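With the hints as constraints, model all of the structure from the sequences given.
Number of protein chains: 2
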Amino acid sequence: MPSEIVFDPYKDLYSKSVGLIRSSEIRDLMSVAGRSDVISLAGGLPDVTGVPTSELSSLMTRIIEDGFAEALQYGDTEGFYNLKTQLVSLMSEENIKAEEEHVLITTGSQQALDLLARIFIDPNDIIVVEGPTYVGALTAFRPAGPRFLTVPLDDEGIRTEILEEELRSLTGARPKFIYVVPNFHNPAGVTMSEERRKHLVDIATRFEVLIIEDNPYGLLRFEGDSVEPIVNRIPERVVYVGTLSKVIFPGIRVGWVLAPLPIHEKLVKIKQSADLCSSNLNQMFACAFLESGLWKKNLDELKKRYKARKDSMIEALGQYFPEGSSWTNPSGGLFIWATLEEYLDTAKMLPLAIEQKVAYVPGSAFYPDYSGKNRMRLNFSYPTVEQIQEGVKRLGKVIRREMDLYRSLGIGKK
Amino acid sequence: MPSEIVFDPYKDLYSKSVGLIRSSEIRDLMSVAGRSDVISLAGGLPDVTGVPTSELSSLMTRIIEDGFAEALQYGDTEGFYNLKTQLVSLMSEENIKAEEEHVLITTGSQQALDLLARIFIDPNDIIVVEGPTYVGALTAFRPAGPRFLTVPLDDEGIRTEILEEELRSLTGARPKFIYVVPNFHNPAGVTMSEERRKHLVDIATRFEVLIIEDNPYGLLRFEGDSVEPIVNRIPERVVYVGTLSKVIFPGIRVGWVLAPLPIHEKLVKIKQSADLCSSNLNQMFACAFLESGLWKKNLDELKKRYKARKDSMIEALGQYFPEGSSWTNPSGGLFIWATLEEYLDTAKMLPLAIEQKVAYVPGSAFYPDYSGKNRMRLNFSYPTVEQIQEGVKRLGKVIRREMDLYRSLGIGKK
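Order-wise, the sequence lines are chains H and X. Each residue of the first sequence is one higher than the one before, starting from 1 at the first, in my numbering. Each residue of the second sequence is one higher than the one before, starting from 1001 at the first, in my numbering.
In short, the hints are calculated from the structure, not lab data. Given the structure is predicted, the values throughout are model-derived calculations rather than measurements. It cannot be assumed that every hint is accurate.
[Said to hold, decoys possible] Distance condition first, Cα-Cα at most 30 angstroms in a straight line; then the derived DSSO-like pairs of lysine-lysine:
#1 X/Lys1016 with H/Lys16
#2 X/Lys1097 with H/Lys11
#3 X/Lys1297 with X/Lys1348
#4 X/Lys1348 with X/Lys1397
#5 X/Lys1016 with X/Lys1397
#6 H/Lys16 with X/Lys1011
#7 H/Lys397 with H/Lys307
#8 X/Lys1016 with H/Lys11
#9 H/Lys11 with X/Lys1198
#10 X/Lys1348 with X/Lys1393
#11 X/Lys1011 with H/Lys97
#12 X/Lys1357 with X/Lys1303
#13 X/Lys1303 with X/Lys1198
#14 X/Lys1097 with X/Lys1303
#15 H/Lys297 with H/Lys198
#16 X/Lys1373 with H/Lys198
#17 H/Lys304 with H/Lys357
[Unchecked claim] To give an idea of the chain X side of the interface with chain H (calculated C-beta under 8 angstroms), a few residues:
#18 Val1048
#19 Thr1049
#20 Val1051
#21 Leu1056
#22 Gly1108
#23 Pro1143
#24 Arg1147
#25 Leu1149
#26 Phe1249
#27 Lys1269
#28 Gln1272
The beta-carbon is built from N, C-alpha and C at its ideal position, and this holds for glycine as well.
Structure below.
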């Protein structure tokens, strides 16, 4: 990627959407985090090093040698039917009752979010997101030009009492949807409680608002009990988004949307315009891996690794982060969300961290208005325990140094 | 896909784009064409039955066993770099001088067209297309709400003298781009002549308009001499779109865009919002197949098969189609475009054809205003020579019967 173009002879030609796109900070950071001497707590990459490669290549050999006429050809826009059946079965692991006819397979769940933005959002439409929210959702929603209504979350998920108040104050204007990540939130790591889910369903019913339930990490619970999905409670008001990226691996780009039929139909049509169909080869590969049952062993291994890394990060944070910092303690997923003293600015601090060979994502990336300046997202799924210990240690030093600087200027506690 | 939903409780929620989407007739036909007793001349499927499956599965085994850490992971939004290098080399087969930095890999070329629509088209913007034009481009462009300026083509491609006149009559309004398929046009089968290309370049320069050169079939020339690509003549005004779907196979969904840097940069950002990245696994697979050189043998075999099938179709058309019909005689690609007596309506005739177990795509699908009612697209890449003979024979009967009916009503020649 070249540096920002200053003179652009084509600038009169661009659509309004182009003015609404920002390159995500995560993306810009990826290039830095890719430098081998930097310990990256910034990414959102799952660990793929434990996959059963020889079993996978056997599955693939069978697909290519016996199934090539289908695997190498164009597929249905809706997706490979047998994979839909496998996804229905995968969803049942979280007690979701789904039917193939309601499932559209997408090119990763990012495409699902993008298609939803395209069928629902016109410029200036109101949509509700959590603060903080998934940065990929912001990237998907922004080009459509919505007004974001950001509702804060806490350890129990979205603060539904604030949501209710906000919706009431709209007096008549109805948001196009409420976007939530209820399990092991990205970036916050928190899980929406039973009580909040009930309240959210109640609000959605009374205010007649759709919910987008984005659940990439639900099956990655490594401690505690799961909470009933929102879609089970009120299927006619929920568009459910899933992905295989975290449960198996991302390189095949398989996501899906479970939606009421009229919405499903619109999504199929816009997907046809977006990329015709997702890769049959990848879909058949995913299907074979799910059918084989090998994914369960792989998932168990992932949960074991992630739990150990999360525990290690929690321990390191306690040891190395300065007083006045706090962090969430997730029961699953990939991320911990840390809050520093209010006067600190994690975006400004990032170059210092990178100088010290450690990276994270600044909190501002996760808010439509770029607030959350004293927060940061830390990933524990990709780095090893050793890297986590060393990375958090380096980061603790950077924060302390920054605090010392502020103190010397008379800001912050003595 | 369920039948059209009549009562839709969500209809107040949809964006304006949804009203602009039509399910493509091709898509609706796919389900019919999939019935095994119908000879389908309707599809646009390449023949994948000659691919070297055991070599392909060896390549894949190596990727999964040795390259899993990259193949199964998220990739760069821009695409897998080594594949870009292979695509640069593939483009050089058509004398295109490209650099990796200008290439964005997309999820099929459909995504390329979609991303271009999104960065260039606001509602009511003017875009120029050929009449007829590629139906997938219409599908990609329509949700953005452009006004289509349709310029007819003939055996030498787009009629540039009409284009020039049309642009002059816009007095100041500038189209966002001119979309052309210069080689073995879909659906028309024709190739833009040297003279027309020169005139098009001259027009683009004088009127300061961008050209989108969509070239899925360029390497599928089975007779005659190739004509220099447009992008070679005026790279700063051309966005070039390529795909591996027809040159190797579609199941991996690999397309690309070669664009001037400022446009490339916008495309990368909107792709990030659309699907983050294309499948690394598929990209590495395509890369390995291109690197191996096996693709050339495969392509030679495809050209041999397609030429035999095209020749067979031309012969069958001469034998079975009634007087007053005409058709193009392509030197490559996948399609023949037939024109029937003016009073015939191929969309209305289609159910009769399907009753006789043969399918085609009605001409109206390829025009923004659904004109071209007496035309049809016939595919010769997928059916066998036997199916082509039998299919065209059946179709000839259907057309004659329809003509007899009209004649009995006093319409058409006696």
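Going through the hints against the structure:
1. X/Lys1016 with H/Lys16: holds, 15 angstroms
2. X/Lys1097 with H/Lys11: holds, 25 angstroms
3. X/Lys1297 with X/Lys1348: Violated - the C-alpha atoms of lysine 1348 of chain X and lysine 1297 of chain X are around 42 angstroms apart, more than 30 angstroms.
4. X/Lys1348 with X/Lys1397: The given pair, whose Cα atoms are some 15 angstroms apart, holds under the 30 angstroms limit.
5. X/Lys1016 with X/Lys1397: violated, 43 angstroms
6. H/Lys16 with X/Lys1011: holds, 25 angstroms
7. H/Lys397 with H/Lys307: Given pair lysine 397 of chain H, lysine 307 of chain H holds - Cα atoms ~25 angstroms apart, limit 30 angstroms.
8. X/Lys1016 with H/Lys11: Given pair lysine 1016 of chain X, lysine 11 of chain H holds - Cα atoms ~25 angstroms apart, limit 30 angstroms.
9. H/Lys11 with X/Lys1198: holds, 26 angstroms
10. X/Lys1348 with X/Lys1393: Answer holds: lysine 1348 of chain X to lysine 1393 of chain X is near 19 angstroms, not above 30 angstroms.
11. X/Lys1011 with H/Lys97: Status holds; Cα separation ~25 angstroms.
12. X/Lys1357 with X/Lys1303: Cα-Cα ~27 angstroms, so holds.
13. X/Lys1303 with X/Lys1198: holds, 28 angstroms
14. X/Lys1097 with X/Lys1303: Within the cut-off at roughly 24 angstroms; holds.
15. H/Lys297 with H/Lys198: violated, 33 angstroms
16. X/Lys1373 with H/Lys198: violated, 56 angstroms
17. H/Lys304 with H/Lys357: Holds - the C-alpha atoms of lysine 357 of chain H and lysine 304 of chain H are around 27 angstroms apart, at most 30 angstroms.
18. Val1048: holds, 4 angstroms
19. Thr1049: holds, 6 angstroms
20. Val1051: holds, 6 angstroms
21. Leu1056: Where the cut-off is 8 angstroms and the nearest Cβ of chain H is about 5 angstroms from leucine 1056 of chain X, the hint holds.
22. Gly1108: Cβ of glycine 1108 of chain X sits 5 angstroms from chain H, so the hint holds.
23. Pro1143: holds, 6 angstroms
24. Arg1147: violated, 14 angstroms
25. Leu1149: Nearest chain H Cβ about 16 angstroms off; hint violated.
26. Phe1249: holds, 4 angstroms
27. Lys1269: Since chain H brings a Cβ to about 5 angstroms from lysine 1269 of chain X, closer than 8 angstroms, the hint holds.
28. Gln1272: Hint on glutamine 1272 of chain X: holds, closest Cβ of chain H at ~6 angstroms, below 8 angstroms.
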